[in-house]
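S.K.: Single-letter residue listing:
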Amino acid sequence: KAGVTQTPRYLIKTRGQQVTLSCSPISGHRSVSWYQQTPGQGLQFLFEYFSETQRNKGNFPGRFSGRQFSNSRSEMNVSTLELGDSALYLCASSFRLAGELFFGEGSRLTVL
Amino acid sequence: DQQVKQNSPSLSVQEGRISILNCDYTNSMFDYFLWYKKYPAEGPTFLISISSIKDKNEDGRFTVFLNKSAKHLSLHIVPSQPGDSAVYFCAAIETLGGGSNYKLTFGKGTLLTVNP
Numbered sequence: 001k002a003g004v005t006q007t008p009r010y011l012i013k014t015r016g017q018q019v020t021l022s023c024s025p026i027s028g029h030r031s032v033s034w035y036q037q038t039p040g041q042g043l044q045f046l047f048e049y050f051s052e053t054q055r056n057k058g059n060f061p062g063r064f065s066g067r068q069f070s071n072s073r074s075e076m077n078v079s080t081l082e083l084g085d086s087a088l089y090l091c092a093s094s095f096r097l098a099g100e101l102f103f104g105e106g107s108r109l110t111v112l
Numbered sequence: 001d002q003q004v005k006q007n008s009p010s011l012s013v014q015e016g017r018i019s020i021l022n023c024d025y026t027n028s029m030f031d032y033f034l035w036y037k038k039y040p041a042e043g044p045t046f047l048i049s050i051s052s053i054k055d056k057n058e059d060g061r062f063t064v065f066l067n068k069s070a071k072h073l074s075l076h077i078v079p080s081q082p083g084d085s086a087v088y089f090c091a092a093i094e095t096l097g098g099g100s101n102y103k104l105t106f107g108k109g110t111l112l113t114v115n116p
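As given, the protein sequences belong to chains A and B, one line each in that order. Following my numbering, the numbering of the first sequence begins with 1 at its first residue and continues without gaps. Following my numbering, the numbering of the second sequence begins with 1 at its first residue and continues without gaps.
Hints listed in this document are in silico derivations from the structure and should not be mistaken for laboratory results. It should be emphasised that the depicted structure is a prediction, and the values quoted were computed from it without experimental measurement. Each residue gets a CB set at the ideal place from its N, CA and C atoms; glycine is no exception. Be aware that a few hints might be false.
Stated by the list, open to error - Pairwise CB distance ranges (calculated):
id, chain 1, residue 1, chain 2, residue 2, range
1, A, Pro-8, B, Asn-67, 41 to 49 Å
2, B, Glu-15, A, Gln-18, 46 to 54 Å
3, B, Leu-96, A, Glu-105, 23 to 31 Å
4, A, Ser-70, B, Thr-45, 26 to 34 Å
5, B, Asn-7, A, Thr-110, 47 to 55 Å
6, A, Thr-53, B, Ser-10, 35 to 43 Å
7, B, Asn-27, A, Gly-62, 23 to 31 Å
8, A, Ser-22, B, Lys-68, 18 to 26 Å
9, B, Glu-15, A, Leu-112, 25 to 33 Å
10, A, Leu-83, B, Leu-111, 21 to 29 Å
11, A, Arg-15, B, Pro-79, 44 to 52 Å
12, A, Asn-77, B, Ser-51, 15 to 23 Å
13, B, Asn-57, A, Tyr-10, 33 to 41 Å
Unchecked claim - Capping the alpha-carbon separation at 30 Å, the derived lysine-lysine pairs in DSS-like fashion look like this:
id, chain 1, residue 1, chain 2, residue 2
14, A, Lys-13, A, Lys-57
15, B, Lys-71, A, Lys-13
16, B, Lys-56, A, Lys-13
17, B, Lys-68, B, Lys-56
18, B, Lys-68, A, Lys-57
19, B, Lys-5, B, Lys-54
20, B, Lys-71, B, Lys-56
21, B, Lys-71, B, Lys-5
22, A, Lys-57, B, Lys-54
23, B, Lys-68, B, Lys-54
24, A, Lys-57, B, Lys-71
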């Protein structure tokens, strides 16, 4: 069974740009959640989608948005990038809400 | 306000000895707790979990203890192996409303180094 796949693995952007990250969950998993990992803050919850609907949202500004498609694939978008957005963005899928999370390897974003 | 705290950023133990990773929380509404392990350049992987109605859960070398009155949980690894060297995240879930929504909060992680 293929694991959670995130693309791209690495990317570099400049301030003010926007970025879209993609996540393909494990087949059969309907929940996809996104996390930001930085050295100082650990893992911080961004949002979770289940059956194409955002079910939970963390404390991030509106520049961070996401969506989920009918095949459960999810995308995360960050607009007007700031230097502080440099981080590892992790996607996790789960069979159900609040279920065991299976993480992808992450997309490492560097904002210059 | 950090509701899940892992106060030790790092821990170093000898191979074969016990590793004890600690986690404190402030939200008494948390009803489920999990531990994840993360190697560099990989996503976190689930290790073990415990419901708030239990005080201990064991899986092989890994045991999680929950002390609800102290709002404290710990992960014991016995015996520790060099391959256990990783960052360990404690996480807590609060079920909201009718149960379809929940809030998942992670700690900042503890880097465990197991020396051969």
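S.K.: Determine for every hint whether it applies to the structure shown.
M.R.: Cross-check of the supplied hints:
Our hint of 41 to 49 Å for A/Pro-8 and B/Asn-67 holds, since their Cβ atoms are close to 43 Å apart. A hinted range of 46 to 54 Å for the beta carbons of B/Glu-15 and A/Gln-18 is consistent with their spacing of about 47 Å. Between B/Leu-96 and A/Glu-105 the C-beta distance comes to about 30 Å, which sits within the given range of 23 to 31 Å. Look at A/Ser-70 against B/Thr-45: about 28 Å separates their beta carbons, and that is inside 26 to 34 Å.
At roughly 30 Å, the beta carbons of B/Asn-7 and A/Thr-110 sit outside the given window of 47 to 55 Å. A hinted range of 35 to 43 Å for the beta carbons of A/Thr-53 and B/Ser-10 is consistent with their spacing of about 40 Å. Distance hint check: the CB atoms of B/Asn-27 and A/Gly-62 are about 25 Å apart, consistent with the given range 23 to 31 Å. Separated by about 40 Å at the C-beta atoms, A/Ser-22 and B/Lys-68 break the suggested range of 18 to 26 Å.
In this structure the supplied range 25 to 33 Å is violated for B/Glu-15 paired with A/Leu-112, their Cβ-Cβ distance being about 42 Å. A hinted range of 21 to 29 Å holds for the C-beta pair A/Leu-83 and B/Leu-111, which are about 25 Å apart. For the pair A/Arg-15 and B/Pro-79, the beta carbons lie near 49 Å from each other, so the given range of 44 to 52 Å is met. Taking the beta carbon of each, A/Asn-77 and B/Ser-51 are about 35 Å apart, not inside 15 to 23 Å as hinted.
The hinted window of 33 to 41 Å between B/Asn-57 and A/Tyr-10 holds, with their beta carbons roughly 37 Å apart. For the proposed pair A/Lys-13 and A/Lys-57, the alpha carbon gap of about 25 Å is at most 30 Å, so the pair holds. With a C-alpha separation of about 42 Å, the suggested pair B/Lys-71 and A/Lys-13 falls outside the 30 Å cut-off, and the hint is violated. Note on B/Lys-56 and A/Lys-13: the hinted pairing is violated, with a Cα-Cα distance of about 46 Å set against a maximum of 30 Å.
Between the alpha carbons of B/Lys-68 and B/Lys-56 the distance comes to roughly 11 Å, so the proposed pair stays at or under 30 Å and holds. Restraint check: the Cα-Cα separation between B/Lys-68 and A/Lys-57 comes to about 27 Å, which is no more than 30 Å; the hinted pair holds. In summary, the hint linking B/Lys-5 to B/Lys-54 is supported, as the alpha carbons are separated by about 20 Å, within the 30 Å threshold. Restraint check: the Cα-Cα separation between B/Lys-71 and B/Lys-56 comes to about 14 Å, which is no more than 30 Å; the hinted pair holds.
Of the pairs offered as hints, the one joining B/Lys-71 and B/Lys-5 holds, with about 11 Å between alpha carbons and a cut-off of 30 Å not exceeded. At most 30 Å may separate the alpha-carbon atoms for a hinted pair to count; A/Lys-57 and B/Lys-54 meet this at roughly 28 Å. Restraint check: the Cα-Cα separation between B/Lys-68 and B/Lys-54 comes to about 9 Å, which is no more than 30 Å; the hinted pair holds. Simply put, A/Lys-57 and B/Lys-71 have alpha-carbon atoms about 25 Å apart, close enough for the 30 Å limit, and the pair holds.
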